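*Asks:* Chains as they are written, first to last, in the numbering used here: chain A, -17 to 467; chain B, 27 to 534.
One or more hints might be untrue.
[Unchecked claim] Label-pair restraints from in silico Cβ distances:
1) Leu31/B to Pro49/A: 51 to 59 Å
2) Val397/B to Gln(-12)/A: 49 to 57 Å
3) Val397/B to Asn246/A: 54 to 62 Å
4) Ile250/A to His458/B: 20 to 28 Å
5) Val500/B to Thr271/A: 42 to 50 Å
Since the hints were derived computationally from the structure, they do not count as laboratory data. Model, not experiment: these values are computed from the prediction. Even for Gly, the Cβ is constructed at its ideal location relative to N, Cα and C.
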Amino acid sequence: MYQLDQYITLFLILLPLSGAVLSAIVPGKLSKIVALLISVIALAGTFHALNHFDFKEVNPQFAFSQPWLQFTNSRFSVGMDGLSLLMVLLTNLLMPFIFLSSFTTVRATNRPKLFYSLALLFQAALIGVFTASDLLVYYIFWELALIPIYLIILYYGDNSNRIKITYKFFLYTLIGSLIMLIAIIDMMMSGGIGSNYERQCWLFFAFFIAFAIKMPIFPFHTWQANTYTFSPSQGSMMLGGIMLKMGIYSAIRWLHFFPDVIANYSTIIITLCVIGIVYGAWIAMSQDTLKRLFAYSSLSHVGLIAAGVFTFSNIGLQGANIQMISHGINIVGLFMVAQIIHSRTQTLRLSELGGIIHKAPWFAAAFLILLLGSIALPLTNGFVGEFMLLKAVWDFNHMLGAIAGVTVIFSAIYMLRAFQLTMLGTATEHTNNFTDLKLTEGIVLYGLVALVIFIGVCPNSVLNYSAASISNLVSQMNNSVTYVK
Amino acid sequence: MNAILILTVTVLAILFAGVYQQKKLVLPLLILGLLGAMATLLGEWNLNAAEGISSDTILTPVFKALHIQSPNSPIITRYMKGMMQFDNYAILFSVAMMICTLFVFFIAREYFIEDSPIISDVYALIVCTLIGGIMMVSYNHLAILFIGIETLSIALYILAGSNRMDLKSNEASIKYFLLGSFSSAFLLMGIAFIYGATGQMELEGIRSYIANSSNTPGYEFPIIFNSGVVLVLIGLLFKTSAAPFHFWAPDVYEGSPTLITTFMGSVVKIAAFGALLRILYVAFDMGSFTTQNILFFVSGLTLLVGNLSAVFQKSVKRMLAYSGVSNAGFMLLALASVNTNTPAYIFYYVLVYALGTILAFGVQMVVSKQVQTDDFNGLHGLATRNPLLTGLMTIAMLSLAGIPPTAGFFGKFLVFKNAIQVDNLTSQSAFHYLIIFAIINAVIGVYYYIRVIAAMFTNTVERASIKTSVQYRVALIAVAVLIILFGLYPNQLVNPLMDASIFQLSAN
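For reference, chain A alone in the conformation it holds in the complex (with noise of 0.2 Å):
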């Protein structure tokens, strides 16, 4: 390994901070090329990194650690271990996507500087979340990520609802985090998490509320289908395509600390997961609106990875983790697609779409592909992550994994009854006048598309980097299962 190679972490983080300053500053037009410059060469970082990680190590590579707070002890320590590394993956592989989805849309050109100085200031944030090794630079990053997504939703949301929406949105998220922030002070104060069963009990809850909001497990799911819906597409993308992963890697991240707990709550916790999956397709097959479905199957999926994860066995976890990085892509390329009809049509409700097939073949090729992979043709990426996190849902509890499976079938019927309504049947008023792809856009939606397929063709390219990572952490569950109601 090179000297330079324990900076990789630290300037992935760094890359995209100095990035949000300077397209804060360059002149307006310029502000959308060096953000996606920036995100390009964010991305070939963590290709570097990619090609120079060692398979089998489980502690966190390229690690970066340094004195920070004596009064509490801390060090700023940052490092990738697979798990991290997968992520950091997913969120620079999708952000140049992002940036160029914006290159169209009408909404970001005003002030554009904002969007993207906020965007990159995102992500630096999630690098950071992802990265970070101390608790207390992990919760700082986990804040600042809300305020530029926040305010990205609130200056360019699309509703005159979005102060209301926005106040649940933000309001919401923190309250699950202070009460992290509480958990993470007291293990501080005490040096971890004890032995103590009632104390780790409380800690767990502390942080799994906080958690089982950003993803969002049922029932705390209330603020995202109104968020996603009135975000702008940049936004929804963001939120959804990233942003929730949030919540599904911390869970991963943190809660394996606590063996005895999820082995005691497990069943009451993967439950409510598998009502999320029942409910959010239930809701999905009947919404009217296109990103308003999306929104809910995301709760659906979201639902079923969560299933997974806290199965914590090895196949739920590797399944949660390339799960995660599937449905980051399905679903930026789903809300790029509502963005591109919204751009033609001015609407998104189904009842008024129709036909789209006839004028812009290359356009609803594109969005079958991804259709697919969000319902897990084989294949497509979708399909190897479901199977996995299901054979995982049904080892734990065979009833749980056979609603799970059921589930798998709803999302084929509310995701080809949307296809059916826009793309097929005859053209409406609204979609007479219906243009094929841009360029731009074509390169984002055919660049997902190939991901879709190579995904769903090598997983392995995928699973590799975290095996080594989540069977160590199941291994290291397993040993420390002390007490058992």
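Start from chain A and add chain B according to the hints.
*Replies:* Leaving out everything else, chain B in the frame of chain A:
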């Protein structure tokens, strides 16, 4: 002590400059006086008390460069026969007040742009207030505490009414004066009672009285001493605008000229908490005495009243006044669980709060000047018109709300840390509930702070963009940068006071 003399001379110089119509001299004189005073104060920094954890702050070279004593002598720098004591605590609080005052002066020109012959009077009175504030954090004798509070208050009563043509300003002045005199009377009565019970007015004398009495088996504190303590606390809590002594705050904040409100919200808060913490820590022996229970309830009440009232305000200025009340509640949470680390935490919190307040009022000052109202809808569309002002206000709000990476986060963090630490040690279950209550209040607080942000980022209204002077912008950007820097490196502010010997108490 020299700092007070320098500032007094500055006051006289400004007044003469005003008399002889030399307006251009006023600001340079002020800056010179404040910097001189700051330098002499930092020169008295006791390096020996600051060993250990604090050795590596960026301030250390400054202390060393300005140091005027021989480096190894542990002298206690007391003045006026021990009535005042410039220990490290007093020095840092004083310097913090001076820095805030400097920022207030820098943005002052924006406020006084078109008028007026009274500028130098106002400036002189602000420095008088500052002198009172310095006395309030450096007293070692209750008489000096009283004189300090009076110096500060009387100047403030005039300042609150300094906008003579405005009815609200006059109202604010009268209200502040009447209620303030009451609280001074309470304080004075309390001092008299304590003197009657102990025969002492020096802080350490009271401390050893409490220590001796607690060691005597079966001894009960006389009622006159207990009531004296309560009365002194009332007098000081009034100045910190803690509930139920907060009623003056919103009216006075709203009525006073915004520049004076900025000053009140920052410098006066620092002085009040400096005074309160000093008497709790030194005289009442870290609150081992009954004070802790009182502060416990006052803290809870202050949080509740401040937050709930702030939510329903229509005027940004009143909202910020109530936010001051609620932030006082958080600081009282730390004071209710006072221990050796508390001075460092309180110092950090109150300075960061003061900077946030300066930033918020600084922006609000120019906005309300344009739209002639303090209501929230005056902020509408500011993000589109004035990105810089919007960014500054956003940083201020995030800091006041306690969201990282702004410094306000570590303020709240340290307060909670302090409380949880004590909670773990004492296992008083009541403290659990206060902490939970404080968290709920922190969330409520975030609501009304992001209301300001939401107002700026939405509802575009056609207005001209606001023009501001370079001096004003530089000053406010400096404040914002400080807020971010202190948020990234809280060490630099916390470490210098992380030391049990900051008050240079004689061992007992």
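*Asks:* Which numbered hints are broken by the structure, listed smallest first?
*Replies:* Per hint list: single violation, 1.
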